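Undergrad: Now for the letters of each chain:
2 protein chains.
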Amino acid sequence: MNLNSLKVVNLIHDDFEDLELWYPVLRLREAGVMVHLIGEKSNIKYKGKYGVPATSDFGFSEINIAEYDGLLVPGGWAPDKLRRYPEAIQMVQDAFYQKKVIGQICHAGWVLISAKILKGKKVTSTPGIKDDMENAGAIWLDEPVVVDENIISSRRPSDLPLYMHAILEALSRKVIS
Amino acid sequence: MNLNSLKVVNLIHDDFEDLELWYPVLRLREAGVMVHLIGEKSNIKYKGKYGVPATSDFGFSEINIAEYDGLLVPGGWAPDKLRRYPEAIQMVQDAFYQKKVIGQICHAGWVLISAKILKGKKVTSTPGIKDDMENAGAIWLDEPVVVDENIISSRRPSDLPLYMHAILEALSRKVIS
Numbered sequence: 012m013n014l015n016s017l018k019v020v021n022l023i024h025d026d027f028e029d030l031e032l033w034y035p036v037l038r039l040r041e042a043g044v045m046v047h048l049i050g051e052k053s054n055i056k057y058k059g060k061y062g063v064p065a066t067s068d069f070g071f072s073e074i075n076i077a078e079y080d081g082l083l084v085p086g087g088w089a090p091d092k093l094r095r096y097p098e099a100i101q102m103v104q105d106a107f108y109q110k111k112v113i114g115q116i117c118h119a120g121w122v123l124i125s126a127k128i129l130k131g132k133k134v135t136s137t138p139g140i141k142d143d144m145e146n147a148g149a150i151w152l153d154e155p156v157v158v159d160e161n162i163i164s165s166r167r168p169s170d171l172p173l174y175m176h177a178i179l180e181a182l183s184r185k186v187i188s
Numbered sequence: 012m013n014l015n016s017l018k019v020v021n022l023i024h025d026d027f028e029d030l031e032l033w034y035p036v037l038r039l040r041e042a043g044v045m046v047h048l049i050g051e052k053s054n055i056k057y058k059g060k061y062g063v064p065a066t067s068d069f070g071f072s073e074i075n076i077a078e079y080d081g082l083l084v085p086g087g088w089a090p091d092k093l094r095r096y097p098e099a100i101q102m103v104q105d106a107f108y109q110k111k112v113i114g115q116i117c118h119a120g121w122v123l124i125s126a127k128i129l130k131g132k133k134v135t136s137t138p139g140i141k142d143d144m145e146n147a148g149a150i151w152l153d154e155p156v157v158v159d160e161n162i163i164s165s166r167r168p169s170d171l172p173l174y175m176h177a178i179l180e181a182l183s184r185k186v187i188s
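Protein chains in written order, with our numbering: chain A, 12 to 188; chain B, 12 to 188.
Here chain A stands alone, though its shape is the one from the complex (with noise of 0.2 Å):
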């Protein structure tokens, strides 16, 4: 499976779970997939909670969402920053109704909810954002990858190769299309 000709964004910002941000964009390149790391702005030394270190390549005003494929979203405590730039939670926006593949583990679940996008959706995530996730409107499922349309959610870091798994195959989708 070739997936050069795609892009995904994946969203950062201090305190990522330090393997929920590396495992996606480690996978997405070794399939091929250009990845860039988004944050407030490029070039910034973000660390995950365990200290993992990661660089932004691009602020999230210095990109365009339309020419990427896909927008990943880690978990930690990154979430809980994200969520308060209009300008990520616009990106979230954009790329749910531009149909990209959204990919959400453990407690990015928060992003989308502040997105409002997430209104009759199956989703899972880490048990304790669950009520988050349905006062937000979501339909909740203890698996370990669930997948409703474009978005594509997990639980934990032992999740993460169906998670990778699933959002692979959905993105294989949009070569063939």
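Simulated from the structure, these hints should not be mistaken for laboratory data. Just so it is clear, the structure is predicted and the values come from calculations on it, not from any experiment. Any given hint could be a false lead.
One copy or two, either will do: identical chains are not told apart, so a pair holds if it fits within one copy or between any two.
[Said to hold, decoys possible] Only pairs whose alpha carbons sit at most 35 Å apart, straight line, appear in this in silico DSBU-like list of lysine-lysine:
1) K60 - K133
2) K110 - K56
3) K60 - K18
4) K185 - K60
Assemble the complex: chain A is given as a structure, and chain B must be docked to it using the hints.
TA: Okay, now just chain B, sitting in the frame of chain A:
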């Protein structure tokens, strides 16, 4: 590619490089491979250089490498610890002579040096241990991934996508053969 029938050992000790342990483990699980983390004994809670946790499944003496198809050694400071265990060194030697797929990244080469299996082998590693690798008889190359028969090596975390591409290619030949 269905690698469900394969089993791989990943050696572990404290201060492993977090992504160099976890990217291969999760990537192999995504491909259907059964991965076991092998440390001093079962159920030890190790921590990576940055603090990402990982728990051993079995101890060095509790498995038979003949039942596995590959053996991976992570980087970080774990290799400096691992090379002190005669059982671990014996396991690496057995894996080498039984033509298992052997993966080593970054500082992992120290373990292969102590296993005395590098004479005349083309390898890479973090540039920091280039001298140690050459003194052990290896031919050192500055490339993202180097494959010499059953030994596959890479330099650093950013090489992980190419490293795992090569590891999976070598493992897939185990299914065919």
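Undergrad: Compare the structure with each hint and give your call.
TA: A quick look at each hint next to the structure:
no.: 1; hint: K60 - K133; in the structure: within (28 Å within a copy, 37 Å between copies)
no.: 2; hint: K110 - K56; in the structure: within (30 Å within a copy, 42 Å between copies)
no.: 3; hint: K60 - K18; in the structure: both (26 Å within a copy, 31 Å between copies)
no.: 4; hint: K185 - K60; in the structure: within (33 Å within a copy, 38 Å between copies)
Hint compliance for this structure: every hint is met.
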